Every structure is written in C-alpha cells, then in structure tokens.
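*Asks:* Same order as they appear, the protein sequences are chains W and X. So that you can map any letter, position 405 of the first sequence is 404 in numbering that gives the first Met the number 0, and since no number is skipped, the others follow by simple counting. So that you can map any letter, position 2 of the second sequence is 1 in numbering that gives the first Met the number 0, and since no number is skipped, the others follow by simple counting.
Check before you lean on any hint, since a few could be wrong.
Capping the alpha-carbon separation at 35 Å, the derived lysine-lysine pairs in DSBU-like fashion look like this [as the list claims (entries may be wrong)]:
{"id": "1", "chain 1": "W", "residue 1": "LYS101", "chain 2": "W", "residue 2": "LYS330"}
{"id": "2", "chain 1": "W", "residue 1": "LYS101", "chain 2": "X", "residue 2": "LYS118"}
{"id": "3", "chain 1": "W", "residue 1": "LYS155", "chain 2": "X", "residue 2": "LYS155"}
{"id": "4", "chain 1": "X", "residue 1": "LYS155", "chain 2": "W", "residue 2": "LYS101"}
{"id": "5", "chain 1": "W", "residue 1": "LYS118", "chain 2": "X", "residue 2": "LYS101"}
{"id": "6", "chain 1": "W", "residue 1": "LYS155", "chain 2": "X", "residue 2": "LYS118"}
{"id": "7", "chain 1": "W", "residue 1": "LYS118", "chain 2": "X", "residue 2": "LYS155"}
{"id": "8", "chain 1": "X", "residue 1": "LYS101", "chain 2": "W", "residue 2": "LYS155"}
In short, the hints are calculated from the structure, not lab data. Note that the structure is predicted; figures quoted are calculated from it, not measured.
There are 2 protein chains.
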Amino acid sequence: MTQSIIEALRAELPNLRLLTDEIDRESYRSDEASYLKSQLPMAVALPETTAEVSAIVRLAAKHRVPIVPRGAGTGLSGASGGLEGGITVAFTRMNRILEIDKANLLAVAQPGVINADLKAAVATEGLFYPPDPASFEICSIGGNIGTNAGGLCCVKYGVTRDSVLGLEVVLADGTVIRTGGRNVKDVAGYALTHLFIGSQGTLGLVTEATLRLRPAPPPKATLLAFFAQTDAAGDAVERITAAGLVPCTLELMDRVTIRAVNDAFHLDLPDAAALLLIESDLPGAAAEAELDAASSAAEGAGAVEQVRATNAMEADGLRQARRLALRAIEKLGATRMEDVGAPRSKLVELLDAIQRVVSERGLNCGTFGHAGDGNLHPTFWWERGDADAEARVTAACEELYRAAIDLGGTVTGEHGIGVARLPFLELQRGPDAVRVMHQIKAALDPLNILNPGRAI
Amino acid sequence: MTQSIIEALRAELPNLRLLTDEIDRESYRSDEASYLKSQLPMAVALPETTAEVSAIVRLAAKHRVPIVPRGAGTGLSGASGGLEGGITVAFTRMNRILEIDKANLLAVAQPGVINADLKAAVATEGLFYPPDPASFEICSIGGNIGTNAGGLCCVKYGVTRDSVLGLEVVLADGTVIRTGGRNVKDVAGYALTHLFIGSQGTLGLVTEATLRLRPAPPPKATLLAFFAQTDAAGDAVERITAAGLVPCTLELMDRVTIRAVNDAFHLDLPDAAALLLIESDLPGAAAEAELDAASSAAEGAGAVEQVRATNAMEADGLRQARRLALRAIEKLGATRMEDVGAPRSKLVELLDAIQRVVSERGLNCGTFGHAGDGNLHPTFWWERGDADAEARVTAACEELYRAAIDLGGTVTGEHGIGVARLPFLELQRGPDAVRVMHQIKAALDPLNILNPGRAI
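So that you can see chain W by itself, here it is in the shape it has in the complex (with noise of 0.2 Å):
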C-alpha cells in the first residue's frame, strides 16, 4: 500500500515535489508542540496548485492513507504533526498573496503566506490584517485558519475567524468548493466558512483564503502597570472593561515571567507581581484619553507603578517584555505552553488555580497572556530529559484542564485541541455536542483520511 501511493502520486504528478527520504521527512515529524508523541510521515508533498492538492487527496482516498495538512509547522496542538503511514501535505510553495483589493478591504492569500508578510503586504496600502499570533513571523495563514488562530490584537479586533470571508476548500474525496466570497454580509446557506476555520485540517484542506482587512489603525498609545499582588492586576481588568474601553492590547505578565525576561534579555523590570501592558489605538486624543481612563482604572486596582511611553521607539520598548515572554521562558529548558481561558471576570481565579497546581507539584511555570480576553499561557518548563518532572507537568497540566472547565473556560483559546488535548474535549463539550462533532466529520470525511485523531 505504502508504496503503491507513492508510485501513483509520481506517475499522476511528476513535477510535485514528493519528500520520501527519511531525513527530509524527519522535520515533519513534530510541531511546536515538541513535548508529544511523534510520529514520522510516510511521505511529504510541497504542492504548489490546487489541483495538486486535489490529485493528492483523492489518491489518499483511493489508497486510504491519511493526509496531515501543515502550514508552518507552528502549531502547538500537535494537529500537524505527522502520521506514520500518512502523508504529510505541506502548504509551504503555496505562499503567493494573489490579491489585494483596496476597494474592498481584502486580500487573497495561498495558505502558505506567512502571517508577517501578509501584514506587511497589506500595510504598504495603508491597511491592516489584524489576526496577531506571538509566532506571526513565522506562522503560515493556513496554519492561523486551522487553528482560528487568536492574538494579542483579540480584545479589540477579534480573532482569525473575524477576518475571514471566504475559503478554497479540497473536500475528502479532492473536490474543490469554495465557501463565502467577498461580500461582508451574505446569508446565503450554512456557513461552511465558519465550520472549517479551526477544524484543523479534518474537514478540508484550505487552499486560498479571502480575507478582510481593516484601514491601518493610528499608532498605538502604549502603557506598562505594575503591580504588587496578581489581584490587582485582575482588579485592573475588570475597571477598564467597568469604564467601558476597549483597549487594543490588554496583556498581561506574572513574576516568574517578569523575571525571566529580566534575566535573559536585561530589561531591568521593576519586580512585581504582575505587569499589564495596554494599548489604544484610537484616532487623535482618544487614543491618549482612552489610556487616561485605563490608568486611572489600575491606579484604581492599586498599581504599584506606571510607565507610560512618550514616543513610539518607548512603544516598542514597552511591548518587548511581552514579545520576549514565550522566548525567555524557552531558555531555561524544555517547555510546554498552555492555552486554558475562563471567562474574562474569571480571570484572578484562573490565576489562582495555575498558581495552585504548580505550587502543589513543585513545578516551575510563568504565566503570560492575553489578559482581556481571560486566555493564559501557562508556560511550564523542566530540564530536559526529567522525566519524572515532566510527568509532574502533565498531571499538571491534566489537572488545570479541569479548573479551567470548572470556571466554565477553555482548555484551549486559540492553540486548538489538536492531539494535546483531545482527551478533555468531551469533558468540557459534553458527549452530545461531541457526537454532533463527529457526525459532521463522518458526513465530510467518511473514510476518515482527513488528518485522523486529531481535533475531534
């Protein structure tokens, strides 16, 4: 069978570029999400059309082998990981951006492009693509739809699934259909968009994205407040959603993430509990009032410290903490990043319930996240090749699910359930709502070659 695929897929496609060789497969074996099982694909395909695509799903259907659709390998759900005996479809020579439409707000990307580029692309015509994972410089779009990738830009402009209008799609046997269009309102049928956007490459493969844009937003107006219990800094968050903002960025830090950043790049933070960096980006003095009015709030909530930046180099000095989090957390050792989310008044016993489980365990574990959202990223870390800690962080980890769930959050926010989570999914779902999950998926993909065991 294995090689029967193979001889079929070089004799329809001669000029796809097929990876059979173990050591250029090997780089598919794995996601970010490095701390999971691997696998190593049968094959890697690079297609560069969506007929390729096509071709490769249906001989996929024909041979039953399973297809792992991948972006940039980003993820950190291990949805793209490979599946022995599987072939691993790599959307990375499908990177061109094949629109932009001014009049219209969009764009129409492969779903190779990298988040970054398209941002940029975007920006020389004066717009703005908004979706803004930490990995944007590196993550792929496609990556982002699977996922229904979030952000630090969430609180304000929502996540990936609020710019999206429109998708290519290659249904489980290569059919190609596309969903949406360019019309921001359009009613006509079930919303098919919307069911593949963080399907995770079960449903379909993703091969063209429109996608909307937004006038570039003014410059940010940007705010560090420290503070001296991680209560307050929940406190702080609840008075400036209270006093009705809507800041674009509203993130926070805790000391073991404060401190770490200190240590590895040098950033002479002051020590506190936690940190909340917030951004306006309103247009002329609003953007100045609207951080008036959230300063006040953290002043309110008893912040310890304030910096505000008066130019935009002091911006961006600001935000670097932040940006570094994930990075100076991964120089002390093996890592796993988690996603759980609360509803945003949660957000202090979310805290809380983190705080207890790494506690109680002996764990090391700083937690940063998107603050006004109620998403965290606890981020537990061990030296490399303690077993016995890095099993104490699985417990962990099982154990946050659970607390995450009790509040009525997430076990995932924005990374995906992938194959990390995939045991919890019931749990916080509900078997029927589950049940309904994957008769969608037996209706779309009955042979079930559709990136098999992950997501669902």
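Since the structure of chain W is already known, use the hints to place chain X on it.
*Replies:* Coordinates of chain X only, in the frame set by chain W:
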C-alpha cells in the same frame, strides 16, 4: 398521524399551550414575505421551557411530523411560514432575558426576546447589543440568529454572528446541547455555534443564546449627503473607504425612495438621485473629525447638498428618512423587498442592474440599504391583486439574483434563503458546496423533520 401527535403532545405535555383551532393557526401561516404561497400549520406549540421544546421535537421525530421554528414572524424569506401537516414551534413565550453579565460583557436570552427589549435592558447597564435589523422593535433574538440578521450597524459592528458567543440547541432527536460559552476565545472542537447561526432552524432549535455586548458608544454624529447621480453616491462610498474611515452607519436611499418618504411623511428632503446617511460614534472630537473626512469625501464625489446635525434631535430627524423607507413604500401597494448584495466596490454596478431590470419590465421599485456593506434592498410594489405585475416582479427578482451572482455578490445579504431564494442557492454556491450542506443536514437531521425545504 395528525391526530396521534396532537394526542401525544397533550398527553405528555398537558401544560403546553397548543393551538389547533384554524382561526388561531391562521396567524402562523406566513412570515413577512407575504408574496409567497403559504401553508397552514397543523398545530402551533408555544413552549415555555427547553424541556418542552425537546419533548415536542422528540415526539415530532417519532411521528415523522415536520417542525417549523418561529420567532416573531418578521422574516422576509418564508422560512418561518407554516407547513401543512407540520407543527410550528413559536418562541413567543420564551422571552426572558436570563442574565446581563456586565463583567463579561454578555447577556443570556431566550429566543423569543425582542431585539429592542434586549437593547433597552443592556442600555440601562451602559452596554450595547449592536445587531439592529430594521425590524428590531418587533423581531426576536431567535429569529435574528436563525437568519444571521444584519442591519444598519454592520458596517462597523458586524452581523448577528459577531455578537453570539454560545447557544443552547435542541437537536432533531430532542437532545439538548450547548455550543460555545462565555469565553471570547475558545477553539475547542468544531464551531457548532457558527453552523447553527443562519441555518434557519434546519439543523436545530435555538432555545437560549449567550450574546456578546459592547460598552455603549457615545452619541452619534450624523450627516446626510445628497447626490445628483447614483454613481456619485457610489463614488462617495468608495472614497470614504479609501480614506480609511469606518463610520458606524453608511446607508443609501435612491430617488424613488426619497420621494416615497417625502410623500408619505412630508419630510421635505431635497429631490436627489440618491442620499447617503453617514454617522460616526467615535469618542470625543474623533466623531466630528470622522464626519469632516466623510463630508470631504462626499463633496469630492460631487455631493450637491449636505446636512449635518448639530444636536441629538436633529440627528434623529436625519435618521428618520432611512428608518421610514420601507413603511413609505408599503403605503403604495403590495410589496416585495429583496436583499441582494455585492462586494462593496460593485455597489454602482448593482444599483445599475436593479435600475435595468426595473425599467425594462416597467416596474415600481425603490432601493435603499446598506451601502457600506454592498447590501441593498430593492423594494418592488404593485397594485394589490394585479397578478400580471406580480409575475413581472417575480421575473425581475430572478434576473436580479443572476445579476448579483454575476457581480460576485449574493442573492441574500441578511434575510436568508428561506423558501424565497431556494432555487438560486446552487447557482450562487455551486453544486458541490450545496452537496456539503445537504450532507451536514442529513447527518444532523436524518429524518428531515426540521424546517424541511427551507434554507438549503
């Protein structure tokens, strides 16, 4: 069969309000798309709890009786009109706002809550529920979710979909599931919430919705701009977009509509080929600055007159024309309101297409709608009982659907496919995409009892 389900309902749900007298059922025959052929439902159930809805659907499945879910009956696609031999489930009595959660900027509402009642209730907390279909004073949240309703706010605040965080849904076998929740970021499993939104009750019955709120924006700054040519109004819309403005209202009325409003309500608007209503709700001085820029754009496009409100009462006066558009045309005879859309940049071409089908067939039609979204409501009228005129309107609408599709547009921007536009779904979406919709429908409703023959 007919009697047996009625008896079963009465036996199992003795407290259920169940209308079986013809005179009572008559009111549930059609929705606001009164030009469609209507059918009288066998019975009308008015449940008060999710458990009752579940039991009704379970019995309907057992007896193979179709179910039509119905909100306030203000739909414009025929989706909530009766089915002979079917049971209409009207959500009129499930009309409670269950919770307003200010800290999490959300509300929990039953489907029968009137949109305006929700708006008013959250406004007392300083909050804002954006979706504002023209019928907002009489339409229900459940109906809004069924059609993914739009309105005037969409150009800035999006459609109903953008304000829904989670749903409680009764499935085709009576099972109750919950989708989404209270988290603004949550990617656990497939986006079932989004699949149900806009599915016009064909996949499940929504019995509760968790809705996203925003801080109440400041009062709007309001401008009317008048144009001697329709093209110039279209040009103004393009210039406003190109200038990077995001007004919270960007509405158009054509000459026929302006005259109808003047005649019916003595508004003394200047006679013009088109007007644009432009509003800004940015904070502080930014609102007037945005209107200044919009006004310059309108002038650059050749506006012949502009009127700007200097206070809230004047603003309300300027808004009135647009608000009265449909009512003014309805005074002229029998009406049929359409809902075509096109990519924003094709607005003028869409207006031209409307003009062409109207004049070629010698029809009466006033066009108004959401210029900023490319979504227009050409509204035909004819003398009641004039079957010939009605037939010409039908033919005109079909031609218009084709023209919208040719422009890359949609046959329905916010009203839904329902029954009215069913023959055109495949033309717009393509047979393969529609096949996927039917696969999903079959997977979730294998007996085809949920609003059969509607939406897809």
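*Asks:* Hint by hint, note whether the structure agrees.
*Replies:* Tested hints:
1. W:LYS101 / W:LYS330: violated (42 Å)
2. W:LYS101 / X:LYS118: holds (34 Å)
3. W:LYS155 / X:LYS155: holds (12 Å)
4. X:LYS155 / W:LYS101: holds (17 Å)
5. W:LYS118 / X:LYS101: holds (34 Å)
6. W:LYS155 / X:LYS118: Answer holds: W:LYS155 to X:LYS118 is near 21 Å, not above 35 Å.
7. W:LYS118 / X:LYS155: Distance ~21 Å between W:LYS118 and X:LYS155 Cα, so the pair holds.
8. X:LYS101 / W:LYS155: Holds, at roughly 17 Å.
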